[in-house]
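Undergrad: Chains A and B, in that order, give the protein sequences. Using the working numbering, the letters of the first sequence correspond one by one to residues -5 to 407. Using the working numbering, the letters of the second sequence correspond one by one to residues 100 to 202.
There may be inaccurate statements among the hints.
List of simulated lysine-lysine pairs, DSS-like, C-alpha gap at most 30 Å [as the list claims (entries may be wrong)]: (1) K174/B with K83/A; (2) K58/A with K157/B; (3) K246/A with K313/A; (4) K158/B with K130/A; (5) K83/A with K136/B; (6) K136/B with K125/A; (7) K109/B with K125/A; (8) K147/A with K193/B; (9) K136/B with K130/A; (10) K130/A with K157/B; (11) K143/A with K174/B; (12) K193/B with K130/A; (13) K147/A with K313/A; (14) K158/B with K147/A; (15) K174/B with K125/A; (16) K130/A with K156/B; (17) K156/B with K147/A; (18) K156/B with K125/A; (19) K58/A with K(-3)/A; (20) K136/B with K143/A; (21) K158/B with K125/A; (22) K147/A with K271/A; (23) K156/B with K109/B.
FYI, nobody ran anything at the bench for these hints, they're computed from the structure.
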Amino acid sequence: MAKPGVPSVAVTGLGMITPLGVDVPSNWRAMLEGRSGIRRIRRFETEGLATRIGGELPDAYYEKEEAEFPRRFRNQTLPPARLGFLCAKEAIEDGGLAAAGYDPYRVAVLTGCSQSPLQEGQEIFLGGRVKYLIVKEMVNALAAWVSIKYGLKGPTYNIAAACASGAFAIAAGLDYIRAGRGDAAVVLGADMMLNRQSLHGFNELMALSELNEAPERASRPFDNRRSGFVLANGGAALVLESLEGARRRGAKIYALLTGAGLHSEAYNIVAPEPTGKEIARAIQAALNDADLDRSAVGYINAHGTSTLQNDACETAAIKAVFGSLAARLPVSSLKSMIGHTVGGAGAIECAATALALRDGILPPTINYEEPDPDCDLDYVPNAARPAPGLRAALSHSFGFGGHGCVLVLEKAP
Amino acid sequence: MPRTLSDEEKTQVYEHIRQFLSDELGVPLDTIGPETKIIDDLGGDSIIYLELIEEFKKKYDVSVEIRAIGRYFQKHPIRTVGETARAVYDIVEKGDGIVEALD
């Protein structure tokens, strides 16, 4: 629970779009069924690329985009802004935020979109309408559009922290409400980095799985035969508000967001610090921020990218913080099913952690077949697991550049 | 070069603007009238004015500096469909002369 004098923050709305589905219920169902959203890439030419698989969004997403947005909006935005906007829309509607009666000057829109607009921008010079170049490319476009379309007038900005962008946006929303600067925040992460350029770039860094012949088995966090992450498109949004405000208006509450531990490794532009001690510090900082004893944590939604380095370092960090408790602490990675959505991942995983707390069930790590001596925790292998007594959980996010964010969620009282 | 738009041409301009807004913003044509506000009522944006001016400059072969149009908009803020149509008439009829007309 929150420290005395600090407002508790509730998660009251969710929105999610990933390769597994175009709304929260379909995603959560697929996660609990342990389905993979990784396929051969169909939407663009993969000739010449070492990796030809990824997590593309379902066709239903593109139909939704077509139905939801007028031509002008589609022309003036890049794919991640449209994706993020639709995630925010679902969360705002799900949370009943429009009817909540909050002063619009006290509702923030904080987004975590890492890089994809800048990359997409390359194409605009070759053909499209140059008139829209600036408004399309600006990395704050997603935050601005959500603010404009919903009339939300609190602080509105984007945070870029690579694969942890979405989690940082959520932490910023937590701080905003806790500090009493506002009553509510729409926080989200979204990226559409699955394109030729990104695949080529990550391939050059040897970061991606090249298991093209078995796409659904390519993302295998913590497994001994993991060989890199699988790039995917996706995002999620959460409505955060003070617990007091949520109760006053009788909002449904998925979970409480009770702490965040943010850090920078100051180590390497790509590789994680190998002993995991910096990640361990972030976990401990998050527990301190939530005023939560480590023994209360019943589940960790891992960053779990399926790269050799991340999964080993993250495991070492969990063991460093939880000691003998680590062996019985379930840890799972949604990236085994979704792939890595970069800026979207932290928000998708935080949202799923809230659902795990609400329903008392843990989503699995799929494709876990062969134990790695360096990864020896309980990864909830291959099948969801009931956890009726689950009270508190962590959601981990770490990014290129050494950015890290650990979020603490607790079951709604 | 100064020219005068006939009433028929003015109607064409007005209808063209309505159709453009309807197509771009996904709003039914019959809800767009002269008093409709492009940003407040239709969810449009300020770039739309420039796009419309560009189209009519081409259509009527008008040469006018973009900066002159900017100054014109400062003096004559436009919000509605009717005001947009009147701005187009002015620009087509006066061309670069719109700047002198302002002073």
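Undergrad: Can you name, in rising order, the numbers of the hints this structure does not satisfy?
TA: Hints 1, 2, 3, 8, 12, 13, 14, 17, 19 and 22 are the ones this structure does not satisfy, whereas the remaining hints hold.
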